[in-house]
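Going down the list, the protein sequences come from chains A and B.
Take any residue in the first sequence, note its place counting from 1, add 22, and you have its number in the numbering used here.
Take any residue in the second sequence, note its place counting from 1, add 2, and you have its number in the numbering used here.
It is worth saying that the hints were derived from the structure and are not from the lab.
Incorrect hints may appear among the rest.
[Said to hold, decoys possible] Below are the BS3-like pairs computed for lysine-lysine, each with C-alpha atoms no more than 25 Å apart in a straight line:
id	chain 1	residue 1	chain 2	residue 2
1	B	Lys15	A	Lys135
2	A	Lys114	B	Lys7
3	A	Lys90	B	Lys203
4	B	Lys207	A	Lys66
5	A	Lys114	B	Lys207
6	A	Lys132	B	Lys21
7	A	Lys114	B	Lys196
8	B	Lys136	B	Lys53
9	B	Lys203	A	Lys66
10	B	Lys15	A	Lys114
11	B	Lys21	B	Lys203
12	A	Lys135	B	Lys7
13	A	Lys201	A	Lys143
14	B	Lys196	B	Lys207
15	A	Lys132	B	Lys7
16	B	Lys203	A	Lys114
17	A	Lys114	B	Lys21
18	A	Lys150	B	Lys53
19	A	Lys90	B	Lys207
[What the hints assert, rightly or not] Rough simulated footprint, nothing fancy, chain B against chain A, three-plus residues with beta-carbon under 8 Å:
id	region
20	115-126
21	137-144
[Stated by the list, open to error] Cβ-Cβ distance ranges computed for the label pairs, FRET-style:
id	chain 1	residue 1	chain 2	residue 2	range
22	A	Val36	B	Phe289	55 to 63 Å
23	A	Thr93	B	Phe289	32 to 40 Å
24	A	Asn113	B	Glu255	53 to 61 Å
25	A	Pro131	B	Pro266	43 to 51 Å
26	B	Ile197	A	Val36	14 to 22 Å
Cβ atoms here follow ideal geometry from the backbone N, Cα and C, with glycine treated the same way.
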Amino acid sequence: MIQFIDVSKFYEDVVLKDISFSINKGELAFITGPSGVGKTTLLKLIYAETIPDEGNITVAGWEIRDLKQRTIPYLRRHVGVVFQDFRLLHNKTVFDNVALALRIHNMHPKEIKEDVNEVLKDVKLKHKTNAFPQHLSGGEQQRVVIARAMVSRPTVLLADEPTGNLDSANSEIVMNLFKEINARGTTVLIATHNESLFHHTGRRVIYLKDTAIEREVSG
Amino acid sequence: MITLKYFLGTAFKSIWLEKWINLLTILSISIGLSILCLFLLITFNVESFMKQWTSSFGLVVYLDDHITYEETLHLEAQFKQDKDVLSVSYTSNVEALDEIKASLGANAVIMDDFKENPLPSIFELELASELLDKNEARQKADSIKQLPGVNDVQYGEKWLASLNTISDTMRLVAVFFASAIFISTIFTTYNTIKIFFYRRKEELKTLKLLGATNSFARLPFLIEGLFVGVVGGSVSSALVFAFSSLATTRIVEFMPSLSVVLSPLPVQVYLIIPAVGASMSLLGSLFAVGKIRY
Chain A
23 MIQFIDVSKF YEDVVLKDIS FSINKGELAF ITGPSGVGKT TLLKLIYAET
73 IPDEGNITVA GWEIRDLKQR TIPYLRRHVG VVFQDFRLLH NKTVFDNVAL
123 ALRIHNMHPK EIKEDVNEVL KDVKLKHKTN AFPQHLSGGE QQRVVIARAM
173 VSRPTVLLAD EPTGNLDSAN SEIVMNLFKE INARGTTVLI ATHNESLFHH
223 TGRRVIYLKD TAIEREVSG
Chain B
3 MITLKYFLGT AFKSIWLEKW INLLTILSIS IGLSILCLFL LITFNVESFM
53 KQWTSSFGLV VYLDDHITYE ETLHLEAQFK QDKDVLSVSY TSNVEALDEI
103 KASLGANAVI MDDFKENPLP SIFELELASE LLDKNEARQK ADSIKQLPGV
153 NDVQYGEKWL ASLNTISDTM RLVAVFFASA IFISTIFTTY NTIKIFFYRR
203 KEELKTLKLL GATNSFARLP FLIEGLFVGV VGGSVSSALV FAFSSLATTR
253 IVEFMPSLSV VLSPLPVQVY LIIPAVGASM SLLGSLFAVG KIRY
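Looking at chain A on its own, in the form it has when it is part of the complex (with noise of 0.2 Å):
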């Protein structure tokens, strides 16, 4: 589902270097190391939000390097992402930020209203769909960004530091999330430094370190 050829980034240093790996579809795994060494740039190849200046990398099928300005939307809407910041819109409810997902994907607003309201169900935020983000949780908000993320589907699912900004509860909720998402057949990639997550889960995780894949454990 996810393969990574001989994969290198250059900004004004090396960030990653000749980064090979593959995830299969319908498995969810974990990316980590140390702050700065690479997870966000690794998953921002992923949504092509950056182009590896070296080797390939294939997405669902899209080889990242081949695709056209035009062509990367569709491949995003392959993608769903859970940010680090977030990434909500702030003069929009929480019903309006997670049916944005499908407006893109010119839905019709009755089957939106369907989908975002079974998909705030399963993130236990049916009761805040007319609040705004400023007004929940760092909690609710990620929540509210993983409803976003899966609500329309994506056959890939990418977090980046989902539990960064949580107590251990409201990590848990979380985690328990991603793995029902991974349990309807999408493939999960977690990046996180946060070792108890993938501790004991039996998942695979990639370990980085200096620019590099310092060892893979499988679960």
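With chain A fixed as given, assemble chain B onto it according to the hints.
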């Protein structure tokens, strides 16, 4: 259709949220277009005034003293067949002398000092409006001068040249004004939309990351620009119409004779102005939004 509803909703929500800056943009556009329209109104009236003024424009053909009656008839027939000549009027030298004597009244005796009639017979030719150009008029006069029995041809050459100069200058100024106002309208909308664009940069980035296409992200801005242009143009139409009606009434009150000359702009112009405002604003918005990079 479904998405259009969303675009319209987003655009109008933004118009309302940014109402003051939008209002200022609408005002700028309407003032610019109103100045242009007022100038058009003046140009239109000057041209219509000149058209009426020149409708009686013609040539005076002075005939030889010894021209025969048959030659005169032949000339008259030739003029009447000429497509450029709208009407022909003949005044014999005898009739001309009588007219002068009549106008001199008691002083008509001074004309008796002349042993012979000093006046020539003339043809007055009214020319078609296409010949109001000074070069065309000169060519026509020259060709008539070559005809047998014609001594001289006169027409208001200098007057016609001045008229042409006024008309050309007004057209040139109109083109300059129109270009300046078009550019300023485009620039005004460009600035407004660019401000909105930067204010909503984060929102746009989120949209793009969620998979929005270029047109999905840009369309609300374009609708906003279009709306501002249409409203600006409509306000301008209303202002110019009100001014034109009021000015015409007031001027005619003071100078009733001008009622024949003063003419309002054609109705189509009032419909074209909002369309012009919309096109210019749309162009400005397109420049402002440009090509969104992913």
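A quick look at each hint next to the structure:
In summary, the hint linking Lys15(B) to Lys135(A) is supported, as the alpha carbons are separated by about 20 Å, within the 25 Å threshold. At most 25 Å may separate the alpha-carbon atoms for a hinted pair to count; Lys114(A) and Lys7(B) meet this at roughly 17 Å. Among the hinted pairs, Lys90(A) with Lys203(B) is consistent with the structure: their alpha-carbon atoms are about 22 Å apart, no more than 25 Å. Only pairs whose Cα atoms come within 25 Å are accepted, and Lys207(B) paired with Lys66(A) is accepted, the gap being roughly 13 Å.
The suggested pairing of Lys114(A) with Lys207(B) holds, with an alpha-carbon distance near 15 Å, which does not exceed 25 Å. A distance of roughly 31 Å separates the Cα atoms of Lys132(A) and Lys21(B); the hinted pair therefore is violated under the 25 Å criterion. A threshold of 25 Å between alpha carbons decides the hint, and for Lys114(A) with Lys196(B) the separation of about 22 Å falls inside it, so the pair holds. A threshold of 25 Å between alpha carbons decides the hint, and for Lys136(B) with Lys53(B) the separation of about 14 Å falls inside it, so the pair holds.
A threshold of 25 Å between alpha carbons decides the hint, and for Lys203(B) with Lys66(A) the separation of about 19 Å falls inside it, so the pair holds. With a C-alpha separation of about 11 Å, the suggested pair Lys15(B) and Lys114(A) falls inside the 25 Å cut-off, and the hint holds. Using a Cα cut-off of 25 Å, the hinted pair Lys21(B) and Lys203(B) holds, with the two alpha carbons roughly 19 Å apart. A distance of roughly 15 Å separates the Cα atoms of Lys135(A) and Lys7(B); the hinted pair therefore holds under the 25 Å criterion.
For the given pair, Lys201(A) sits about 16 Å from Lys143(A) by alpha-carbon distance, which is consistent with the 25 Å threshold. Taking the CA atoms of Lys196(B) and Lys207(B), the gap is about 15 Å. The hint holds against a cut of 25 Å. The suggested pairing of Lys132(A) with Lys7(B) holds, with an alpha-carbon distance near 14 Å, which does not exceed 25 Å. Straight-line distance between C-alpha atoms of Lys203(B) and Lys114(A) comes to about 15 Å, which keeps the hinted pair within the 25 Å bound.
Using a Cα cut-off of 25 Å, the hinted pair Lys114(A) and Lys21(B) holds, with the two alpha carbons roughly 19 Å apart. Under the criterion of a C-alpha separation no larger than 25 Å, the hint pairing Lys150(A) with Lys53(B) is inconsistent with the structure, at around 73 Å. Annotation: proposed proximity of Lys90(A) to Lys207(B) holds, straight-line Cα distance about 18 Å (limit 25 Å). With 4 residues having a Cβ less than 8 Å from any Cβ of chain B, the region 115-126 of chain A passes the three-residue criterion, so the hint holds.
Counting residues of the region 137-144 of chain A whose CB lies closer than 8 Å to any CB of chain B gives 0, which falls below the minimum of 3, so the coverage claim is violated. For the pair Val36(A) and Phe289(B), the beta carbons lie near 39 Å from each other, so the given range of 55 to 63 Å is not met. For Thr93(A) and Phe289(B), the Cβ-Cβ distance of about 25 Å falls outside the hinted range of 32 to 40 Å, so the restraint is violated. Taking 53 to 61 Å as the suggested C-beta distance range, the pair Asn113(A) and Glu255(B) conforms, at roughly 55 Å.
Between Pro131(A) and Pro266(B), the C-beta spacing of about 47 Å keeps the proposed range 43 to 51 Å intact. A hinted range of 14 to 22 Å for the beta carbons of Ile197(B) and Val36(A) is inconsistent with their spacing of about 39 Å.
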